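Colleague: Below, each chain spelled out in residue letters.
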Amino acid sequence: MGKQILTEVDVRRALVRVAHEIIERNHGVQDVVLVGLRTRGVPLARRLAHLLADLETTTVPLGELDITLYRDDLDVHSLQPVVRLTDIPVSLTGKKVILVDDVLYTGRSVRAALDALMDFGRPQSIQLAVLIDRGHRELPIRPDFVGKNVPTSRDEDVRVHLTEIDGCDEVVITKPDEEV
Amino acid sequence: MNRKDVLDLDDFTPDEISLVLETADAMKEVLSRPIRKVPPLRGKTVVILFYEASTRTRVSFELAAKNLSADVVNISASTSSVTKGESLVDTIRTLQALGADIMVIRHSQSGAPYLVAQHLAGSVINAGDGWHAHPTQALLDMYTVREKLGSISGLKVTIVGDILHSRVARSNIWGFTKMGARVTLCGPPTLLPVMGRNGGSGEIPEVDVEYDIRKALADADVVMGLRIQKERQEGGLLPSLREYVQLFQLTADRIALAKPGALVMHPGPMNEGIEIAPDVAYCTQSVIEEQVANGVAVRMALLYLLAGHRGGRV
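Chains as they are written, first to last, in the working numbering: chain W, 1 to 180; chain L, 1 to 314.
Simulated from the structure, these hints should not be mistaken for laboratory data.
Small disclaimer: the values here were computed from a predicted structure and weren't measured.
Treat each hint with caution, since some may be false.
Below, a list of computed lysine to aspartate or glutamate pairs in the EDC-like style, where the Cα atoms sit at most 16 Å apart [stated by the list, open to error]:
hint, chain 1, residue 1, chain 2, residue 2
1, L, K37, W, D119
2, L, K37, W, D115
3, L, K28, W, D87
Pairwise CB distance ranges, derived in the manner of DEER restraints [to be verified]:
hint, chain 1, residue 1, chain 2, residue 2, range
4, L, L31, W, I165, 20 to 30 Å
5, W, C168, L, G261, 36 to 46 Å
6, W, E24, L, Y282, 56 to 66 Å
7, W, R17, L, A121, 46 to 56 Å
8, L, A97, W, D177, 42 to 52 Å
9, W, R122, L, D71, 21 to 31 Å
One side of the interface only, derived from the structure: several residues of chain W facing chain L at Cβ under 10 Å [stated by the list, open to error]:
hint, residue
10, V82
11, A116
12, E156
13, D177
By construction, the Cβ of each residue, glycine as well, lies at the ideal position given by its N, Cα and C atoms.
Excised from the complex, chain L in its bound form (with noise of 0.2 Å):
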């Protein structure tokens, strides 16, 4: 893969997505095996620095670097020098000197990834940015359905939620349009995006928009529920959680609707009960745990790409 960083979806081809789930199935046959472990990166360090909460990516790539023979360092910032008012270039910068040679990064600011990929020699991976990206979630999204269902193009995928602060349903967009999925987005009107509203123009995918659940799920492939998050309330955004639930929750008869075998997919963590019926987050339909666990898979692919760029000196 010929490229320094993974920043988000938007500027890879369907071929270098192709690489990586190709890839991603070696690395999950890897985490089969007795010993978990290969030496591609053995020698080099992974620094991952987090300046939001996390509980699934940090421990993932954390396991996936260590999979891959690396050192791994990390950070979250709230007990960092940040809180003494380090800047984050300075803070690049110090663990540049330290001999950080790939940086996964998550921040509260879109685009904060891209400034690290500036000031950074080495690789940057971006772990989330605000509401803008998360390209990581999307490729083990696809990486699931894939797997699951074979192949990407053609399947209906509906993304179902909090769509406009969302940095999940952006990179899945560029993502399943990119492998030839169509993808629906469905929920509020004040929680979905200008653009998504007035459908695609230009360089951005094409997306459906329904207001209605019942038709956006019909016949859908992949149904994505995404958390909502109680603060949405206090903002104005929804009159009420409970007339979200009523509106918009996947309920058992709601997932009917969409094809027989769809599936039920979240990236965590989720609110059982708002935007999801407990139920469905662990029917048999749900694949919301092997998301988690393929999740490793992927970012092991994408660490071993990476580090093979321009004489990465593994």
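Same shape as in the complex, but just chain W (with noise of 0.2 Å):
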């Protein structure tokens, strides 16, 4: 079953403190847009929206992009990795962009991310905002708004359930042989 180790009110406690440390971070919310990394960071992403709406009363445009079409490791997957709509509704030029994903490991994902970004248009920043910080970095990538940070062993899986995906909210750290 794999070991839980963020409840449903952690996730929601570490998704506030991110929202003001992006308002604290930017000073506001003026030019930010969010882009949320398909597929659970885009609902992680619609969540911080409401959140930085609430604190501020402004709307923040949300994108949703998925990097399918970016990566790295395309000819190692036997199953091909089925491509998703990515809808950025706003130019990105001159934007504070703030990347969101679920889980940050490698890293790679989010070098997929930059280059899709820098097709629509040039932001005047992004910054990078995950759930979990699992570690092993393969390239050189850091996040500037973490939930909370997990040490793992590179044969552990985290997963991270939402309620709009799987549910309900938790982040459950599972090895190898045990079943999620």
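Please assemble the complex out of the two chains, which come individually in their own frames, going by the hints.
Modeller: The structure is reproduced here in structure tokens:
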């Protein structure tokens, strides 16, 4: 079953704190655009957008990014990942883009996301917000906002469950021989 | 998609067709971006080899491959060593030695792409072979219908024209019936294949045959016109083009017999005034130009899906 390392309440508190940190670091939310990485980065970005809207009474634009076409491992998978839709509703030129993902691990997904975002304009800056940082970076990528740092070993698996997709909010660590 | 080649739709499962159409959705979004380019085929070489003339399909494939960052070589047989008598197999072997990873081939002989697929280690896409198949046209036709009408299952699709000589019709018959639509063929009896007249049997999809254009179009959701070649008249298959026009031309009052909002489609190029009246070709129900635009997205989807096959080394 794996070990639950974040409960529903923990997830909510982490997101609230991250929302405050975003506002603090950017001195408000002017020119901020949230972009969620498919799949679970998208509902997380949506929740952050709501929190930011509550705290700053401003609507923050929200985009959804699918990085499948930018991956560096397309030939390694025997089952080809299905390409889903990307929807970036505003121009990113001059904007402070905040990439949102559930788990930061090797950093390759973020690298792919950076390549994709550059094709949508010239952002003023790109910041990274993740719910979980599990270490083991293979590229020089670092997060700006972290929900929780979770040291893991390479054979472990960190799964984020979100109500919008999985029916509940939690973060679970599993070892390879366990089932989720 | 677990296949090396795309030669016809007869061996596609409905799931595979759905996968292509869904992937084409994502590719269409890429085409709407300020920079219409993504990297999955970077470093791959796509060779486009056409033994027959074409505007749409050739350019469509070239743009599709370039949008995926592939290197593209576009060859027409009339300006290659084919004119010196080089055989198809030798041409393929040469192009393979030059580094072709994916080949897109159009040939006047039915079955030629199958021969190419046997001799090429890389993937082969059939861009039209003789009268036999034009799978990418059928896929983009289905994509257009799905985009406009929501789904393909349960629709009445009527194809009007020279069905006998049409690879577009054949591939569309396979594709639309696999996805649950009902296909009606309409045209002069001399231009309808025998199988069609006898209905479906065994593995061949079941289609309806209707020689009366008004019955064929009644309540149709999709009306697809096919080009009538003037040579058919010379070959004795048509008494005159005027008779074809009188009996089968897609005119506004005939289109009105179809369902309201029915789509008017044509693979192009059109003979306006023969198989289709000009006002119908450009009416609000016509999606002919969208078919062309969708062709790039669908071909991008196919190239992407094929490149990922069997460790495609993208």
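Colleague: Work down the list of hints and note, for each, if the structure agrees.
Modeller: Each hint tested on the structure:
no.: 1; hint: L/K37 x W/D119; in the structure: 8 Å, holds
no.: 2; hint: L/K37 x W/D115; in the structure: 11 Å, holds
no.: 3; hint: L/K28 x W/D87; in the structure: 12 Å, holds
no.: 4; hint: L/L31 x W/I165: 20 to 30 Å; in the structure: 28 Å, holds
no.: 5; hint: W/C168 x L/G261: 36 to 46 Å; in the structure: 43 Å, holds
no.: 6; hint: W/E24 x L/Y282: 56 to 66 Å; in the structure: 58 Å, holds
no.: 7; hint: W/R17 x L/A121: 46 to 56 Å; in the structure: 55 Å, holds
no.: 8; hint: L/A97 x W/D177: 42 to 52 Å; in the structure: 48 Å, holds
no.: 9; hint: W/R122 x L/D71: 21 to 31 Å; in the structure: 27 Å, holds
no.: 10; hint: V82; in the structure: 7 Å, holds
no.: 11; hint: A116; in the structure: 8 Å, holds
no.: 12; hint: E156; in the structure: 27 Å, violated
no.: 13; hint: D177; in the structure: 28 Å, violated
Hints 12, 13 from the earlier list are contradicted by this structure; the remaining hints agree with it.
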